[in-house]
Amino acid sequence: MKYSKVALVISWGIIVACLLWIHPWKGADAHVKLGMQFTGGIDMMVAFKGNVHQEDVRNALYAGGVQQAGVVAYQDKPGVAMFSIKVKARKGQDEKDSSTQIKQITAALRSLDAKAASDHRLDLNTESVGAIVDTWMKANPLGIQGDETALRLAYEPYVDKVIKAREKASPMSDYNQLPSDLPGALRASLEKDYRLGNLTILKNESFSPSISGEWTWKTLSAVGWALVAILVYVLFRFTLSFSVGGIVALVHDVLMALGLFVLFGFEFSVPVVASFLILIGYSMADTIVVFDRIRENSHKPEYRRVDITKLVDDSINQTLSRTILTSMSVLFVALCLFIWGGHALRDLAFPLVVGVLTGTYSSIFIASPVVVFLDHQFGGKEKLKQHA
Amino acid sequence: MTKRSLWRLIFTTLICGACAYFFVPLSKVRLGLDLKGGVHFELEVQGQEALEADLRDTRDRLLDRLHEKGFPEAVARLEGLTLKASGVPAERQAEAQKVLGTFSGYDTVFSGDTLVMTQKSGYQKSLKDDANKRAQQIIENRINQFGVAEPEITPTGAEGNRIVVELPGVGDAERERIKGLLTTPGRLEQRLVAKQDTTNGIGWRTREEAMAHFAGQLPPGTELLPQPLSEREARREGKAFQTPAAGQSEPIRSWVLVEEKVYVDGADITKADPTVNPQTDQYEISYVLNKKGADDFYNLSGIASEENRRIAVVLDRKVVSVLWCKEKIPGGAVRITGQFSKEEADDFALKLKSGAMRASMKFLEERAMGPSLGADSIASGIRGALIGFLTVIGFMVFYYRWSGVNAVVALTVNIIVMLGLMGSFHAVITLPGIAGFALTVGMAVDANILIFERIREELANGKSVSGAIQTGFDRVFWTIVDSHVTQLVSAILLFIFGTGPVKGFAVTLTVGVTASLFTSIYISRFIYDWILERHPGAKSLSI
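So the protein lines, in turn, are chains H and R.
Under our numbering, the first sequence has 25 at position 45, and the numbering climbs by one with no breaks.
For our numbering, count along the second sequence from 1 and bump the result up by 844.
By construction, these hints were calculated from the structure, which means they are not laboratory data.
These numbers were taken from a predicted model, which means no experiment stands behind them.
You may find that some hints are simply not true.
Claimed, not checked - Dumping the calculated DSBU-like pairs for lysine-lysine here, alpha-carbon to alpha-carbon at most 30 Å:
no.	chain 1	residue 1	chain 2	residue 2
1	R	880	H	66
2	H	66	R	1197
3	H	118	R	1197
4	R	1039	R	1170
Stated by the list, open to error - Covered stretches of chain R (in silico footprint by chain H; criterion: 3 or more residues with CB under 8 Å from a CB of chain H, positions within the stretch not fixed):
no.	region
5	1014 to 1021
6	1219 to 1227
7	1234 to 1240
8	1277 to 1284
Every residue gets a Cβ at the ideal spot worked out from N, C-alpha and C, and that includes glycine.
Extracted from the complex, chain R is given alone in its bound form (with noise of 0.2 Å):
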């Protein structure tokens, strides 16, 4: 063996070597959810929602600071994405601008005797951006807290505001649960319950129920909240739980009038927890707030235990509990006492501790798989595969014998060559990656097949081994370049706009190319040239 040969088989060696590095053993291979199993979520977060509560916060902020500087008949009210504020004497409307000018980020023009304030459009802008950046995060807490392996999540869309969650392993019985936990902002919100419906119990049957009684005009300063009924509860209450039908919402229990005013807010809690109340045995979520929220809290206590009304704890807009305060609470310690499951507590726990999120999801693809048809997917994916490569090196031996032989050398360079490539840059592998795989298997054989065509055609006419295996590998070398740069550049593209399994069909194919052109050249010019040197005047080649 000459010494340039010698080197070349070390250096195929090594390129083999360090390829079998990164896919031996085979559970280094990343395999997509397709194939693993798991869940896949897009969701897209809901900018105008953190628009709508920064709205909402500015509202109660304003109304504090017009009634601190002496306007006690100022109301404030939403609509749309405008602030309006009414009930400013139309002479000291400039001494009420002045006020309104503090809050940074909004435009306020006077339109007749109303002040109208609109947030400026940068300001909206990072709202929105800052609503994403914390949806990311929260949405990390709450996975990681949740206890997933290997989550990823990744942030996507032009504008940032696409989030991407997988999963794997988790089924689709987790599904609905993973959903409420990752959809729902968790903004909870201590407030007072409405004077007016003492007289009514906690609230009303129904929506409409409510309108009549206050005559379709609910008295300024209020809202209606929903208070859900829980599968739980249904249950414990010995009725029926009837899965809403399509278009319909989940079931009410009543619903219930509560102030605007927001007294305390979530983002001051500091600490939330499940826990079992010893005396009732039912689930309870005990939290921690700081300073502040402390405060706010002893306030809040305060007027509901001298007015004797009661505390709404309001999750996301829904009311989750309804409490009564015999007196003024200090210290910020809070327990919620309301009829949870295990899971209901536990999640809810964990979306305080995560904190709020600006504004809620919405799921533009979700994808449940289940591991069995993965596996099985797999088996057939592999086996169809591992029959065509069969075939293709059986074929490959029968055609050309000897030269079939060095072209299936090369084809097994190549696969190696193709997983450690892949291995290197963590891909994943999907189901039509491995559809992928084996087409390049089959693609890759068409170089080999050009050059012995040509070599062939070479000897035909007449020329000797060794000049038709030179001119054979010279005269094909642009054609095989050329047909993969074509392929090469679908392969890109797919990359480029594909998502998901496509992406690990784009990368498989990409890099298989790649190996092919290198296999191809290389390796099979280098069989060649070694069988010339070991039988130098070689009369006929076995092609």
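Isolated chain H (complex conformation) (with noise of 0.2 Å):
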């Protein structure tokens, strides 16, 4: 408790220094970097085989009439190049110039690929499965007999195997990672209609401008139900200076989250959210521990006569063991994802770290002061047993 005042202002000191940087009110201009399904747009993830940089992607995207894009690149498989392409939806844009922005983009990407200006062929790295067998069909290579349907019942099965390959390999650099089994006249069929070219595409997402607003809503409506229900949850189970106490708390680990998320440059996204839903639940669930003690030592007739000071330290400390083993094994799992769970969950861990870091530190530097605070002001410790 004595160090509960300098808790307080350092931990709101960086919260407000984190609001100032990120300036929200600015609008369009905050320091935020918000996800696709909140600004709506093209969100695409591609790789290429081979020595391609991230500064080709961009003058190959600028060349190609797609001047706002975003890109980013990532280094996950050794040997491909990955990036995300990011182009912002355009005010009253409608799905129409999505989709001919979509193309646009693949199309600049497309000329990336050195092979292709000189062969003219089909690119089976990027072919749909009907193309495929719509070439066999017309070939036959292997010679079937019968109709449409028979002959489209005898190259599918074939079909799949060739995009199980393309998968696993993506993108294919050489008819050798053609599945072994494939019989030989389907191969030299391939191998003669198709050229293999150095781009896949791992994920193409587009949102509407309309959805994105109720996305946004649907989000930060999510969050202030979340906090209301434990609000009437632990009032209903505590008192009110309880409830206070670890609302403020909550508040408060969900604004250095927010806060630290933004400084570092990450990028709000709808399961990002997600993830800040359950730091609240975690955090809330920290602060009741300690909650719970202080209940239920204010019932001990040792703590009769002492002031609700000594109450809460002494509740604090009994607990105290258990907060910090909580925390580490939860911190352990947060960061285990963090840093091996691959770059999609990156983002989804970054806020459980620092959100079980900050709700740690907040059910014992935040929570319980506000209540101590709130009960000398208006209650008196009479009035906290009698409720608790």
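The two chains are supplied separately, each in an independent frame; assemble them into the complex guided by the hints.
Here it is as structure tokens:
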């Protein structure tokens, strides 16, 4: 309790500093990276085999008429360059524009394929299942007798195999990567009619601006309702001052995690907001354990005559080892996800890592001091004990 | 072993067995689109178009009716969502209103010498509802015939005007084609090409050129419709097919002036198939009309052959093909020739077969996920989760010795129960779900730590082993319930407000919290009781 004032000043200081830096009131100029789900736009992930650099992709897109694309490079597998390409939707843009934009982007990316200019065959790495079936049905390299259905039935299983091999290689760079049990005639036919491009589209998402506003509203209301529901539950199980203390701690944790999340340049997406909700749940659970001990101790005769500060201090100390141990175990998991979970989970794990740290800290240094403060101001310990 | 312990053991084993049933073999576990790969669309039915389509139908019927009833001068036109009819002499307005009154769902008023008809709001709602229902049904038909395994088509949205379509295993390469299949209403009309343009071939190259020809005012009862240039056609003609830049529309081959009146409606089609013409080796679409359609087509072909005019086949307000007609054609079997590629012919026939939607679709959200990305995500997600899990286990055993092993058993049961619960209500595992899974494991340890710390405390206070375990569990019970309920609250809210992958996350968490309640309170207690039973007078506890 000694340090509670210092702690309050420091942590709210950090929060205010983060807010000042983010300046969310500036609307579009705020330092917040929003995912395409919230702004509307195109979010693609592509992989190139071979030597393709971030600058190449940027230049190709620029030359292809896509000026405002954000390009980020990833290197997950050796020999494969992965890029995330994001294009924010303009105001009033409709889905037809995004469709043409996607086509433009793909065309621009194809131009990075050195062989494409001299080789006009279809690209085995991007052509659809249907195209390959059609090719084989037309050439009929296995000499299947029968009508169209018979041909289709005969060739489809092989196409599945080719597609599986393609997924595994992503993208294929050598015909030797085709499945080894593929009949030679089929393979020859592929080698004749197809070339191997170096591009695969791993992910291709587009969100219309009209739905993104809805997403934002829906997500914000989820967070709001979660706060209200927890407030009501704690109110029901404890007293008002605990409830307020809990919520203050909660708001503190969320703001802190938000601030740091933005500060480190992560991007908000719907799953990230979900992990913020988890943070709310976790932080509250952590606080409740301390509250519970305070309540239990308040019934004990030895705390009847002492000041609430001592009651709270002792309760925190009794639960301290548990608080630290639990937080460590959750922190381990969150850290493991952050480090080894791949970049898709990284954005999601970061608020959790921060949340576990601040959640632990806030249940000790924020929530309980608020309870003490409120009690000193409005209640007196008798009242607390009655209700607790 | 006492009878009670035996029963508890049997109970626990039964639960684990039942849970295992739902996820063994592992292929029973359903993976979300983000892990499995596939396309996800969220579409909105453009109800406004249904209203407009109904107005156009009404206009055609109204004119027919007025001409029948002896108003040869009557003209009708659409202005936004109102239908205006003029050319009715003032003294016969009452008579005309009687005709108009037969159109249910419309309010009719006179404004000067024009009749103004508007749709009643109840009628508009029923039109929109009908459009939604039809759209869903037609999407189902088209997807089923397209041959995608395990498609999911679910209506959403407050007004029921949204449809979520999930097609696992379909990649980016098929996306545009499926999109086209879902988005276009498939409304086929056969109209007459307007008389005026016989001098000018089929049409004009640009809209401006056509408008200039008519000095900015199209002849009454006609409209200009585009005839698009397909990629296939462009290639055939040896031109480079340029992907249109953003903001530009697809390339147009020509603009054709057609009559507004629809002679044959696509709703009368009973059968449609793509065929290959053995003489020209080109893809065609043949379809069969029902009795009414056949009669209509007989009339249409009659007019066309007598007046030496051409018939325009219009699909979704675009001219697909322009046909000559040399004689009246009875029987209602029609063949459309055009410059179709195989895929185009397939899709065209599919649209005709599945019927016409009342309105087109707007894409709110579309996602295509390559399966290789999913496989990578699974691999690294599971790796991260596994390392986290092992760290926690190692830590527990190191710190609490044999009691730690107890916690590990509880955790393992926890995981089995989680998987089983998820399997039992066919929950879908998504990437955030994997994270949620790992996280719940971390949090489930929380309950065990609470209990163990309390037992340690009680032991330190000088309680006997059995007494310490007893009080430890009792004291902590409500704390565990409280902390779990708050987590449950946020998980349930996530489920209510979230969509897609987030829902998966919420499900995992809800299930995880529930499972953790069961294992920490029941399983851990059971293990301790069992140990105490075997060593009744134990003086120390490995904790």
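Each hint, compared with the structure:
1. R:880 - H:66: Holds, at roughly 22 Å.
2. H:66 - R:1197: Violated, at about 38 Å.
3. H:118 - R:1197: The given pair, whose Cα atoms are some 25 Å apart, holds under the 30 Å limit.
4. R:1039 - R:1170: holds (16 Å)
5. 1014 to 1021: Held - the region 1014 to 1021 of chain R has 7 residues with a Cβ nearer than 8 Å to chain H, which meets the minimum of three.
6. 1219 to 1227: holds (count 7)
7. 1234 to 1240: Since three or more residues must qualify, the claim that chain H covers the region 1234 to 1240 of chain R holds, with 4 doing so at under 8 Å.
8. 1277 to 1284: It holds, with 5 qualifying residues against the three required.
Hint 2 from the earlier list is the only one contradicted by this structure; the remaining hints agree with it.
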